[in-house]
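Visitor: Below, each chain spelled out in residue letters.
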Amino acid sequence: MPARPIVGFFALALLGSTGPLVAQSPSPGQDLKAAIALQGFPCDQVVDSKRNADSDYTATCKDGNRYHIYVDATGRVVVKKL
Amino acid sequence: MTHVGCASQRAAGGSLRVGKTLIECDDPDSVMQAQARRAPKGVRPLLSLTAVSLLLFVVACVHDGGSRPVTAGPAASPPAASPPAASAPSASPPAAAPPPTPQPEVGVPAPSAQPAPPQTNVPTSPAPTPAAQPGPATAKTRPSNSPTNPAVSARAPATSAAAPASAAAPATSAAAPASAAAPASAAVAASSPSSRPPVAAAPTLDLNGLEQRLRDTHAIGLFTKLSLKNQVDDLLAQFKAFHQGQSRSTLEQLRQKYELLLMKVVGLLQDGDPALASAVLSSREAIWGILTDPKRFAAI
Numbered sequence: 066m067p068a069r070p071i072v073g074f075f076a077l078a079l080l081g082s083t084g085p086l087v088a089q090s091p092s093p094g095q096d097l098k099a100a101i102a103l104q105g106f107p108c109d110q111v112v113d114s115k116r117n118a119d120s121d122y123t124a125t126c127k128d129g130n131r132y133h134i135y136v137d138a139t140g141r142v143v144v145k146k147l
Numbered sequence: 017m018t019h020v021g022c023a024s025q026r027a028a029g030g031s032l033r034v035g036k037t038l039i040e041c042d043d044p045d046s047v048m049q050a051q052a053r054r055a056p057k058g059v060r061p062l063l064s065l066t067a068v069s070l071l072l073f074v075v076a077c078v079h080d081g082g083s084r085p086v087t088a089g090p091a092a093s094p095p096a097a098s099p100p101a102a103s104a105p106s107a108s109p110p111a112a113a114p115p116p117t118p119q120p121e122v123g124v125p126a127p128s129a130q131p132a133p134p135q136t137n138v139p140t141s142p143a144p145t146p147a148a149q150p151g152p153a154t155a156k157t158r159p160s161n162s163p164t165n166p167a168v169s170a171r172a173p174a175t176s177a178a179a180p181a182s183a184a185a186p187a188t189s190a191a192a193p194a195s196a197a198a199p200a201s202a203a204v205a206a207s208s209p210s211s212r213p214p215v216a217a218a219p220t221l222d223l224n225g226l227e228q229r230l231r232d233t234h235a236i237g238l239f240t241k242l243s244l245k246n247q248v249d250d251l252l253a254q255f256k257a258f259h260q261g262q263s264r265s266t267l268e269q270l271r272q273k274y275e276l277l278l279m280k281v282v283g284l285l286q287d288g289d290p291a292l293a294s295a296v297l298s299s300r301e302a303i304w305g306i307l308t309d310p311k312r313f314a315a316i
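The listed protein sequences derive, respectively, from chains A and B. Note that this note's numbering has the first sequence beginning at 66, numbered continuously upward. Note that this note's numbering has the second sequence beginning at 17, numbered continuously upward.
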């Protein structure tokens, strides 16, 4: 009998802790998706990403579009559609 | 109608009306006592208790009836005051407005008559922006105490600036643009945004703090931050060219770009860092005021 309240408490604690965990830092896919969207390219969701080098990624979106995202020598984020 | 025996009222008169209860004092022995005699012995204490409670009730009613004529005087006076109001029925709502004036006397007794309408206007538009930053808990206390005067003083230039434009209608700013010419309404519309940013700018803007918070936030990733920084730098370059007279884009176009970039920032922040998003959003007009002012822009 006392196990049920304990389980419920831990379930609530887990549910409550998921918010801060999610909001703590975005995943690389979300970051790439935001960077792609900020450059004006369509990408509803990044389903796959490959790291080529430092600050150099190739991302595949759910709609099939593939993008090359990197930081050039001047410090600008560049998004090129592949 | 209830009959209650009362020996004390016999000298004053035959009967006493309290509300719907007629107290007749013609019989020296009360009806309750007569009933108590007729009642069996077990019920007698109960009846006496009831008689005592009824006696208390009667005393209370008599006391209340003695105090009511004092309150009945003011109750009778409103009908006397209503005939003057009958000539102008629309004036009765303003007559109902004075009851709010007792509320200001708790906070500020002096500006009772004239500042009352500005107080109702002030919390609608400018109050949320200043109240959002300094402290939400003091937001309700602030409009009643001190910021009413700055807000009124800040609005006074706006109305005084609008008064020369309308030249006839002093107070009705909403009706003046409709009736007056288009330039007058444009002047009013141009004067109101120009007067608002300085009011919201002073308490809300902390560019360095906002920049640091944007750098430190975990709500957006590195690529996103870098992209935003690039776009902010591009917009600043466009403003710099605008102030130097080398830009082809107008201030309206720059405003659209600025709004778009701000919405991007807020949209990226609102899920992960809503406090920073609201801070950025509340600083929108203040930042715009800096961007459009060449002197302040050069100091960035």
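These are computed hints drawn from the structure, not numbers from a lab. Wrong hints could be hidden among the right ones.
So the derived list for chain B, only partly shown, Cβ under 10 angstroms to chain A, looks like this [said to hold, decoys possible]:
no.	residue
1	226
2	228
3	237
4	282
Below, simulated BS3-like cross-link-like pairs (lysine-lysine); rule was C-alpha separation at most 27 angstroms, straight line [claimed, not checked]:
no.	chain 1	residue 1	chain 2	residue 2
5	B	280	B	245
6	B	245	B	256
7	B	241	B	256
8	B	256	B	311
9	A	146	B	245
10	A	146	B	256
11	B	311	B	245
12	A	145	A	115
13	A	145	B	273
14	A	127	A	146
15	A	115	B	256
16	B	280	B	241
17	B	241	A	115
18	A	146	A	115
19	A	115	B	311
20	B	241	B	273
21	A	146	B	273
22	B	311	A	145
23	A	146	B	280
24	B	256	B	273
25	B	273	B	245
26	A	127	A	115
27	B	280	B	256
28	B	280	A	127
29	A	127	A	145
30	A	115	B	273
31	B	256	A	127
32	B	241	A	145
33	B	273	B	311
Have a look at the derived ranges for each label pair, beta carbon to beta carbon [said to hold, decoys possible]:
no.	chain 1	residue 1	chain 2	residue 2	range
34	A	143	B	269	16 to 26 angstroms
35	A	128	B	312	41 to 51 angstroms
36	A	143	B	309	32 to 42 angstroms
37	A	115	B	312	42 to 52 angstroms
38	A	120	B	309	15 to 25 angstroms
39	A	115	B	314	40 to 50 angstroms
40	A	129	B	314	15 to 25 angstroms
For each residue, glycine too, the CB sits at the ideal point set by N, CA and C.
Visitor: Taking the numbered hints from earlier one at a time, note which ones the structure violates and give those numbers from smallest to largest.
Guide: Numbers 1, 2, 4, 10, 15, 19, 22, 30, 31, 38, 40, in rising order.
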